[in-house]
Amino acid sequence: LCNAMITGGVQLVVLDLSDNAFGPIGAEGIEKFLESPAAYSLQVLKLNNNGLGAGGKVIAKSLKQCCMNAKRDGRCFRLKTFVAGRNRLEVPGAIALAEAFQLIGTLEEVTMHQNGIKAKGIEALASAFKCNPKLRVINLSDNTFTVVGALAMAKVLPSLPLIEVLNLSDCLCRNDGAIAIVASLSSLIHFRIKEVNLSGNELSAETVEKVVRSLETSFRLQSLILHTNNMGHRFDELKQYTSSKAFVDLGEESDDQGSLDGEEDTETRSEEESGNEGDDENTEDTEREPRKDLYSKQMPIRPITENDVELFTRRPSITLLNSLMHQPKIVVDILRKGLEGRTQEETAAFLYSLAALAGENTASPQPLQRIVILADAILKAAEQKRRWPLSASEQICNLLLAYAGAVKSESGEPFTANIHGLIFL
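So the sequence shown is numbered by the UniProt record's numbering: it starts at 1 and just counts up by one.
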């Protein structure tokens, strides 16, 4: 396809290859096109849900080369929209693309949701955004910012006067990160901003209130999305307070995740300092129990979705495990879709999260029993997939070893190893 476009001398403005599972190998097929004169006119590039993985670095290299080739030929490469959500780009892919974005300088929209990008990758992207002052839309939802990434984003926002949509939902910005982001918005600079999404960021009731008060008067927001945070017993109070503010979306009480009760500092250390909490397992179980009760009261049983499975993969916890165990068959059915693909990365990552949780709860029989039941059901589904030369089960085992750092990972960034949990699993 790409060779035909080059031969035909097309001058494409929009290229949308979303929802095609060509993966890293397919990225090499696009490489030649993106470096050719046929791509100089490209303004919109959409590569959503392609399973790029390490191929993100190939795309980044091609975009940089396109800029240089166009300049050499007396042309300009003016890419405006880049979309690459759900591609497992992770930190290496984000850093590579950030380098390309710095060179491009004409971007108006960047959508890179659900890519497993951690703080280091977010810092690189934020730095690149500063070189693209015409940015109107930033969607980095469902990546792991933490406070570090949120502060990096806050630092660059004053350099983006045209921003209209800022979607940082499910990014673990937490209280300090969210407050920094809101504080960096100025009504004198960002008077065009229409939408701010900070849902699913573990924000306390106090932080949610501060965010609303900061943005309610000086800005003309059409949408301020703050649902699925941690407002706890103050949810009804805040719902009443925002009832006259049509642009504020707090969701329903059943969406709220309950008060964190001082656990945020512990979780921040766990994610940003490798999470060596094994010596305090009994204490951790005691602290988590109230959250389980709160969760069961506030969250009615509803159908498990892909988002639930992905959330557990990124942030495994006893609370989420209990929720998934209400409908284990649906969990297996969701992961079975991944088993149909060329690689088994989604299933392996989920199993690794189960192993990590097992390693943190070796003294708790009930969670361990549930982990075994769910893992057994998943592996039985994998055994039913006949592949050659490696079966689905063998691929999963290889990936688990890579995630643990025992062999080299394709992404170059192994997960935080939990050998005890893997041995148990």
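It is possible that part of the hints are untrue.
Simulated restraints, written as ranges between beta carbons of each label pair [as the list claims (entries may be wrong)]:
no. : residue 1 : residue 2 : range
1   : P133      : V14       : 15 to 25 Å
2   : R336      : H233      : 18 to 28 Å
3   : E99       : G8        : 49 to 59 Å
4   : P133      : R213      : 26 to 36 Å
Restricting the straight-line Cα-Cα distance to at most 25 Å, the calculated cross-link-like pairs of lysine-lysine (PhoX-like) are [as the list claims (entries may be wrong)]:
no. : residue 1 : residue 2
5   : K155      : K210
6   : K194      : K239
7   : K32       : K61
8   : K134      : K71
9   : K134      : K155
10  : K71       : K130
11  : K210      : K194
12  : K329      : K239
13  : K120      : K71
14  : K80       : K134
15  : K46       : K134
Don't read these hints as lab results, they were simulated from the structure.
Backbone N, C-alpha and C fix where the C-beta goes; we use that ideal spot for every residue, glycine too.
Now the hints, each set against the structure:
Between P133 and V14 the beta carbons are some 23 Å apart, a value that agrees with the proposed interval 15 to 25 Å. The hinted window of 18 to 28 Å between R336 and H233 is violated, with their beta carbons roughly 39 Å apart. Judged by the Cβ atoms, the range 49 to 59 Å given for E99 and G8 is violated: they are separated by roughly 30 Å. At about 29 Å, the CB distance of P133 to R213 agrees with the hint of 26 to 36 Å.
Using a Cα cut-off of 25 Å, the hinted pair K155 and K210 holds, with the two alpha carbons roughly 19 Å apart. Between K194 and K239 the alpha-carbon distance is near 21 Å, which keeps this suggested pair within the 25 Å criterion. A C-alpha spacing of about 11 Å is found between K32 and K61, which places the hinted pair at or below 25 Å, so the restraint holds. This hinted pair checks out: K134 and K71 have alpha carbons roughly 20 Å apart, not beyond 25 Å.
Taken as a hint, the K134 and K155 pair is honoured in the structure, with Cα atoms around 16 Å apart against an allowance of 25 Å. For the hint linking K71 to K130, the alpha-carbon distance of about 21 Å falls within 25 Å, and the restraint holds. A C-alpha spacing of about 18 Å is found between K210 and K194, which places the hinted pair at or below 25 Å, so the restraint holds. The hinted pair formed by K329 and K239 fails the criterion: a straight-line CA distance of about 35 Å is larger than 25 Å.
Between the alpha carbons of K120 and K71 the distance comes to roughly 30 Å, so the proposed pair goes past 25 Å and is violated. Between the alpha carbons of K80 and K134 the distance comes to roughly 9 Å, so the proposed pair stays at or under 25 Å and holds. About 19 Å separates the Cα atoms of K46 and K134, which keeps this hinted pair within 25 Å; it holds.
Violated hints, in rising order: 2, 3, 12 and 13; the structure is consistent with all others.
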